[in-house]
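For the protein sequence lines, the chains are A and B, in the order given.
FYI, our numbering numbers position 246 of the first sequence as 246, with every residue one higher than the one before it.
FYI, our numbering numbers position 285 of the second sequence as 285, with every residue one higher than the one before it.
Note that these hints are calculated values from the structure, not bench results.
Wrong hints could be hidden among the right ones.
Given that identical chains are not distinguished, each listed pair holds provided it fits within a single copy or across any two copies.
To be verified - Under the rule of at most 20 angstroms between Cα atoms (straight-line distance), these lysine to any residue pairs were calculated in the SDA-like manner:
| id | residue 1 | residue 2 |
| --- | --- | --- |
| 1 | Lys-355 | Lys-366 |
| 2 | Lys-180 | Ser-220 |
| 3 | Lys-7 | Asp-338 |
| 4 | Lys-366 | Gln-68 |
| 5 | Lys-160 | Phe-116 |
| 6 | Lys-292 | Asn-175 |
| 7 | Lys-355 | Gln-68 |
| 8 | Lys-355 | Asn-369 |
| 9 | Lys-292 | Arg-137 |
| 10 | Lys-177 | Ser-318 |
Protein chains: 2
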Amino acid sequence: MNTLDSKIIRPTLLLDKQKCIANIEAMIARAKRANAQLRPHFKTHQSAEVGNWFKERGIECIAVSSLQMAKYFADNGWTDITVAIPINVREIDLINELASKIQLNLLVESRESILFLESELKHSVDIYIKVDTGYQRCGIPSEAIGSIKILIDLIKATDKLNCKGFLAHSGHNYNAKDQKDIHKNHSKTLLDLNELKDTFRKEIPNIEVSLGDTPACSISEEFYGIDEIRPGNFVFFDIMQYVLGSCEENEIAVAMACPVIARNIDRNELVIHGGGVHFSKEFIEADDEGTKLFGSLVRITKNGWSEILGGGFLASISQEHGIIRCNDILFDEFTIGDIIGILPVHSCMTANLMKDFLSTEGDWIKTMNS
Amino acid sequence: MNTLDSKIIRPTLLLDKQKCIANIEAMIARAKRANAQLRPHFKTHQSAEVGNWFKERGIECIAVSSLQMAKYFADNGWTDITVAIPINVREIDLINELASKIQLNLLVESRESILFLESELKHSVDIYIKVDTGYQRCGIPSEAIGSIKILIDLIKATDKLNCKGFLAHSGHNYNAKDQKDIHKNHSKTLLDLNELKDTFRKEIPNIEVSLGDTPACSISEEFYGIDEIRPGNFVFFDIMQYVLGSCEENEIAVAMACPVIARNIDRNELVIHGGGVHFSKEFIEADDEGTKLFGSLVRITKNGWSEILGGGFLASISQEHGIIRCNDILFDEFTIGDIIGILPVHSCMTANLMKDFLSTEGDWIKTMNS
Numbered sequence: 001m002n003t004l005d006s007k008i009i010r011p012t013l014l015l016d017k018q019k020c021i022a023n024i025e026a027m028i029a030r031a032k033r034a035n036a037q038l039r040p041h042f043k044t045h046q047s048a049e050v051g052n053w054f055k056e057r058g059i060e061c062i063a064v065s066s067l068q069m070a071k072y073f074a075d076n077g078w079t080d081i082t083v084a085i086p087i088n089v090r091e092i093d094l095i096n097e098l099a100s101k102i103q104l105n106l107l108v109e110s111r112e113s114i115l116f117l118e119s120e121l122k123h124s125v126d127i128y129i130k131v132d133t134g135y136q137r138c139g140i141p142s143e144a145i146g147s148i149k150i151l152i153d154l155i156k157a158t159d160k161l162n163c164k165g166f167l168a169h170s171g172h173n174y175n176a177k178d179q180k181d182i183h184k185n186h187s188k189t190l191l192d193l194n195e196l197k198d199t200f201r202k203e204i205p206n207i208e209v210s211l212g213d214t215p216a217c218s219i220s221e222e223f224y225g226i227d228e229i230r231p232g233n234f235v236f237f238d239i240m241q242y243v244l245g246s247c248e249e250n251e252i253a254v255a256m257a258c259p260v261i262a263r264n265i266d267r268n269e270l271v272i273h274g275g276g277v278h279f280s281k282e283f284i285e286a287d288d289e290g291t292k293l294f295g296s297l298v299r300i301t302k303n304g305w306s307e308i309l310g311g312g313f314l315a316s317i318s319q320e321h322g323i324i325r326c327n328d329i330l331f332d333e334f335t336i337g338d339i340i341g342i343l344p345v346h347s348c349m350t351a352n353l354m355k356d357f358l359s360t361e362g363d364w365i366k367t368m369n370s
Numbered sequence: 001m002n003t004l005d006s007k008i009i010r011p012t013l014l015l016d017k018q019k020c021i022a023n024i025e026a027m028i029a030r031a032k033r034a035n036a037q038l039r040p041h042f043k044t045h046q047s048a049e050v051g052n053w054f055k056e057r058g059i060e061c062i063a064v065s066s067l068q069m070a071k072y073f074a075d076n077g078w079t080d081i082t083v084a085i086p087i088n089v090r091e092i093d094l095i096n097e098l099a100s101k102i103q104l105n106l107l108v109e110s111r112e113s114i115l116f117l118e119s120e121l122k123h124s125v126d127i128y129i130k131v132d133t134g135y136q137r138c139g140i141p142s143e144a145i146g147s148i149k150i151l152i153d154l155i156k157a158t159d160k161l162n163c164k165g166f167l168a169h170s171g172h173n174y175n176a177k178d179q180k181d182i183h184k185n186h187s188k189t190l191l192d193l194n195e196l197k198d199t200f201r202k203e204i205p206n207i208e209v210s211l212g213d214t215p216a217c218s219i220s221e222e223f224y225g226i227d228e229i230r231p232g233n234f235v236f237f238d239i240m241q242y243v244l245g246s247c248e249e250n251e252i253a254v255a256m257a258c259p260v261i262a263r264n265i266d267r268n269e270l271v272i273h274g275g276g277v278h279f280s281k282e283f284i285e286a287d288d289e290g291t292k293l294f295g296s297l298v299r300i301t302k303n304g305w306s307e308i309l310g311g312g313f314l315a316s317i318s319q320e321h322g323i324i325r326c327n328d329i330l331f332d333e334f335t336i337g338d339i340i341g342i343l344p345v346h347s348c349m350t351a352n353l354m355k356d357f358l359s360t361e362g363d364w365i366k367t368m369n370s
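Whole structure, please, built from the sequences with the hints as guidance.
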């Protein structure tokens, strides 16, 4: 057994710190070229330690996807946090607690939320209006200038809400067909945010616009007029991003390491301990016939993992079991008790489930879920 | 706000204890009618407290899906535990620790595992041979009498492995088209296990056969020759089981309670805080066009929830957001800050992610993930 292999007892999420830091540094450089602030989204790693790798490189502002995550990072020394989901008014106590300690930036998209905050806030917060530039998940449609104006006027009439500008998320880039599609979506978001900036420049002094999705932030160099970018997944990347073209294979910084627990020679299948409670059940369709792929295979090496192995893939998962379908060569290579590496389809979901990561240097890295 | 509603701050998994206990009692009665031991699978709830509801009704033997889960329940007083997944040889230290304390029952399906256990075990364990009656996940095909005979002979030649019999899991029943399909699969499993019992009655004294899946254990009354049943999901049920016909709507014992954080009047969509990190991303196809359904809607009441609401469903989820698509009536009923109830598609995955449950009586119930 090599060094890394010998530390793996059960399904384990390996994190290659060097690849991860290279991803962080590449995105810092990209933001600098774009003359935009990088406010990395920490929902992917959810880890104070990984957060420190950003901090050591000058990052001071972050985005998170829940108030509980904001609390975790505030408790770990972060002082400027955007909660990038429309506020949940029921969490007002936590909002007030955080707003008393840090620069808290919240998202609104409704009159109700604005009126509620003004009535219940004990400390002032910065506010972004969530706009929708095509994803159709949430946000005011960026074309709805009248509705947006109403919200701005409402915010300006408050004492505790300081309107900063607009925030968009092109989540539809995750469903893009190809890079052309991503560029097209991104161009629309750029155009929409710049139009909003021009339209409301007078109403909102020092107006800012923020966008953030790993596909566009990874493949585009065009961020004209954008003040802030908020990608998150790029810290680890995954097979979904690799397929979209957001990253190279060797930029994927996490791999699941799973023990082989059974082999079926009739079907050329390896059974691993590693299922929905480890990977999540996200998959991509590997071909036109809808073949599901839950992860790509790698060989665990002394201090990391190999290139993707042809000839097999993680083809199905139940709660704790995973089935790897493979050719004769791969099948013969792995026996009961061996560890097989799997690059996950969606690293955010996998990291959230796995809670802790094992660095390829052999150190355990904790997260808010540890 | 009613009593239950006022306790909900963020996405919360509600557990109706009365429905859950009724499910437990119904399965105990069914096992009694079948003259089979009920060894409930605890992977669904993963909770010592829910486990106690079984214990109070005479259940002493359980199944779990990982050795870590076995350890948790052993630490909580359970003394007869089957780990219903082929053993992971890398966990031998934990196997030895548990085998020194409790009646530990393990699954094998390979020569390698048997030889490894005989070499490394410090205490004796009971062994079931995993057989495959049609699911094609793992196990020796039940027809492969020759291969099975080799394993039995190997086990009989060991000192520390006590061969108990055969264990099967008709997981393909979760993908069944209809109840007829489930009955057909179940009949084959019954037949296969009875044939194995007859074939190996002389080799294995007091031979036992065990099967377990919620669909068959919920809809069939036919368990001829079966010594033990191991269903798990029935403790909570979910929309998948409801669609399969394993349960009535009012037997589903868990519901997610999620705050409404945004509303889109143009698309009649309610946005909830509640996404893949709460529900998992499992879905069922609601129609022939492949419309995805991630959950069905209910209204949270003073001490539980309503029948399923027509006119809307959880139509998509990302990491923290969920989108409910609904008609005008439902749309108008819910405003920002309201709680909407959602019956999950797959309660095992949702319970695993949510970690704690809030009973409809207002008490927090902890799990091994708390």
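How the hints compare with the structure:
no.	hint	in the structure
1	Lys-355 x Lys-366	both (7 angstroms within a copy, 18 angstroms between copies)
2	Lys-180 x Ser-220	within (11 angstroms within a copy, 53 angstroms between copies)
3	Lys-7 x Asp-338	within (12 angstroms within a copy, 47 angstroms between copies)
4	Lys-366 x Gln-68	both (16 angstroms within a copy, 19 angstroms between copies)
5	Lys-160 x Phe-116	within (11 angstroms within a copy, 66 angstroms between copies)
6	Lys-292 x Asn-175	both (16 angstroms within a copy, 15 angstroms between copies)
7	Lys-355 x Gln-68	both (15 angstroms within a copy, 15 angstroms between copies)
8	Lys-355 x Asn-369	both (5 angstroms within a copy, 10 angstroms between copies)
9	Lys-292 x Arg-137	between (25 angstroms within a copy, 15 angstroms between copies)
10	Lys-177 x Ser-318	between (28 angstroms within a copy, 18 angstroms between copies)
Hint violations for this structure: none, all hints satisfied.
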